Every structure is written in C-alpha cells, then in structure tokens.
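Counting in this note's numbering, the sequence shown runs without a single skipped number right up to 81 at its last residue.
There's no promise every hint is true.
Pair ranges (Cβ atoms, derived) [said to hold, decoys possible]: (1) 46 - 14: 25 to 31 Å; (2) 81 - 5: 15 to 21 Å; (3) 50 - 16: 17 to 23 Å; (4) 47 - 68: 27 to 33 Å; (5) 5 - 46: 14 to 20 Å; (6) -5 - 52: 25 to 31 Å; (7) -5 - 47: 19 to 25 Å.
Rather than coming from a laboratory, the hints here were simulated on the basis of the structure.
Values in this document were obtained by computation on a predicted structure and should not be read as measured data.
For glycine and all other residues, C-beta sits at the position ideal for the given N, C-alpha and C.
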Amino acid sequence: MNNHAKGPVAAEIENLLTAAFAPQHLAIINDSHHHAGHHGHDGTGETHFTVEITADAFAGQSRVNRQRMVNKALGDIPGQRVHAFAIKAKAPGE
C-alpha cells in the first residue's frame, strides 16, 4: 500500500481489500487534505480516498461491477464512515 502516514480507516480499508481480493497492486491514497473545509470533511483526516486496485477477481467485470465489488468488500465504510471514494479497479494486464 502507498501511504505515508496510515490512519486507522486507511489500515482497515487495506486489510479488507487484501482479504477480499489478494490484489497484485493496492494503493490507498488519502485525499482528505484536498477537501479541508468542504462538505464531508469532518476534521479526522480520513474522509476522502482514492483506491487503486488490481486483482484477478476483476477480469471480465464491467467498471460498475468492479466498483460494486469493492464497495461490498468495504461494508459500511463508503458513504457512512468515509465521505468520498474514487475507485480505480483493474484486472491484471489492463
């Protein structure tokens, strides 16, 4: 995972996605500092993330299905505990 200072939410995201997909590549990028003072920024420093993930499970799946798979693996994190996610999910070789 790429992250300089991994907070508890980022660590949980990493653990959940690793368990669900055994990814070849996983980067969890905390974008929260770009949104300070905006709607959804609660001051915790873990409200906005970009997730880059490459895994065999995404082969043959549409972009929408891949995002659904990631969101399902993350449970209540998207939309409830984290305000915004950008998901870049790929199959190997893409």
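Here is what the structure says about each hint:
At roughly 19 Å, the beta carbons of residue 46 and residue 14 sit outside the given window of 25 to 31 Å. The supplied range of 15 to 21 Å is met by residue 81 and residue 5, whose beta-carbon atoms lie about 20 Å from each other. Checked against the hint of 17 to 23 Å, the C-beta distance between residue 50 and residue 16 comes to roughly 19 Å, which is consistent with it. For the hinted restraint 27 to 33 Å between residue 47 and residue 68, the CB-CB distance of approximately 30 Å keeps it satisfied.
In this structure the supplied range 14 to 20 Å holds for residue 5 paired with residue 46, their Cβ-Cβ distance being about 18 Å. Distance hint for residue -5 and residue 52: a CB-CB separation of about 29 Å, consistent with the stated range 25 to 31 Å. Taking the beta carbon of each, residue -5 and residue 47 are about 34 Å apart, not inside 19 to 25 Å as hinted.
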